[in-house]
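J.: Sequence:
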Amino acid sequence: MATQSTQSAQATNNRFEFEAKAPIETALLSELIKHLEAEVQKFNGEPFTARTLKRTLDFLKRSIGIEVTESDSPLPVSLLKTVRLLFLTDLNSNRNVFRLLTPPATVEEATMEFSTVTTVPRDKDADTLIKGLIETLALDIDPVRVQMLSKLLGDREAHSVAEKLLLHAERTNDEVSTIFRDGLGTNDAVLARAFCHAAKEMDQLRVERTDDLSPRASEAMYTYLQTLPFRHFIQHYPKHLEETRIQLDIVDIQDDAEHFCRLAAKDAPWHHGPSKRIFSVNTFHHLLSGWPDELCELVGKATGIPTTIKQLKGHEDRAKRLLVSYAYRSFDCTDPSATVLTVYDVVAALASFRYQQAEGQEYKPYWHGQTDQGKSPQRLFDKGLDPQDPHQHQGVMQIYLNRFYEYQAAFNGTTESYHAWMQYQSAVLRAYQSALNLNDVVAISMALAGLNFYCVNIAKDYVINHLSSGI
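The opening position of the sequence shown corresponds to residue 1 in UniProt numbering, with each subsequent residue numbered one higher.
Since the hints were derived computationally from the structure, they do not count as laboratory data. Careful: at least some of the hints might be erroneous.
In silico BS3-like pairs for lysine-lysine, Cα to Cα no more than 25 angstroms straight-line [said to hold, decoys possible]:
no., residue 1, residue 2
1, K313, K375
2, K239, K266
3, K239, K276
4, K239, K200
5, K383, K364
6, K313, K383
7, K383, K310
Work the whole structure out from these sequences, hints included.
T.: Encoded structure:
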């Protein structure tokens, strides 16, 4: 915190700076204290002691589990460099850095809105601070190791490591879902049992080291900061999912949707059903422009909320952004002309926004130090449509995605398997949390690859056993 001032001093020894390659691998805490005395002059003239570093050392223990005592025994220079970097960063900041970066101890402390590094953030100061720490810590790590995790997760330049982790989990989950659906068919109860089985298996899995090796403090802190937003997401997601569930009954619209499709086919001798993927992000709007009254009836019946054409057209751009996200998350598709959408998908997207407009609760995005962003999900979502400031709050997007998936499942008659599927995803996230706690680039990379293999094999084994039993 900015309660002290930093003075530039001529240091006789720069071995505690990351830019320097220390010829000696260990040093004493007292030597770091002496070094910092040359850098920092307190206003009150108090001597610089180990107690001055207490907040820094407490944070080190809470974040990466490394405990530094006041005993003057040799410590790795990498550890002391990390202590110095964290101390000076907090000292020179006008915010409580350690409160910002401390891992969430409870679900209430976790937030989906923790600032990521490469998205356009609402909190640019936090973004700059975290990015600066990560870049400095990387100087002490083999460049091959620095690139390893990112390459495993994919070279998506527009995403942070945390966002890549979420996509990695979603891709693995989609692979498991495909195995179940291809192997077990479309019976919803059978699929629900499969996902519940997989969730129980994942709940019993926790990744642990099989050796006594510990990563360097710089690498442990590097991986911790890179993955901190995902750690927040893992803890907050189940609570957020439960709080944003649709509270009104979802009405069966299958017959109405079939009638709508026949109407849209006009005089053609055939028509595609509402579950056929024949629309794209670029073409779904034709349903609203061509048959606005009928689409209003579908959305109104599904949600139980009377809906006008004006209201529905007001949600068109919002629904488009939601469907873009769905196409990318579910099909890894970025082509707006790809036919990956169904009539049910379009109705579900519009229904998600109509429900929030009429019945949805407030949601206030927050992370420590962020300015007040307001509490209207619809207004916040609209801010993310601005091409000059395209950042979309994670929690806001999840509100609409969660309800989209809930409506979609109800329309397709897969509500039971949908809820089991969501339980499975939460179990997978908990397993990911144990992998991140390794705080080692190589270990985490191997653990993620192993998790993918394990999840897929659970699904394959279940399908084989199911088919063999003849149930």
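J.: Is the straight-line distance between the alpha-carbon of K313 and that of K375 25 angstroms or less?
T.: holds, 23 angstroms
J.: Is K239 within 25 angstroms of K266, Cα to Cα?
T.: violated, 45 angstroms
J.: What's the verdict on K239 and K200, does the C-alpha distance respect the 25 angstroms limit or exceed it?
T.: holds, 19 angstroms
J.: Quick one, are K239 and K276 close enough, alpha carbons at most 25 angstroms?
T.: The given pair, whose Cα atoms are some 33 angstroms apart, is violated under the 25 angstroms limit.
J.: Straight-line Cα separation of K383 and K364 no greater than 25 angstroms?
T.: Answer holds: K383 to K364 is near 14 angstroms, not above 25 angstroms.
J.: Between the alpha carbons of K313 and K383, is the straight-line distance 25 angstroms or under?
T.: With Cα atoms ~18 angstroms apart, K313 and K383 stay inside 25 angstroms; holds.
J.: Check whether the Cα positions of K383 and K310 lie no farther apart than 25 angstroms.
T.: holds, 20 angstroms
When each numbered hint is compared with the structure, violations occur for hints 2, 3.
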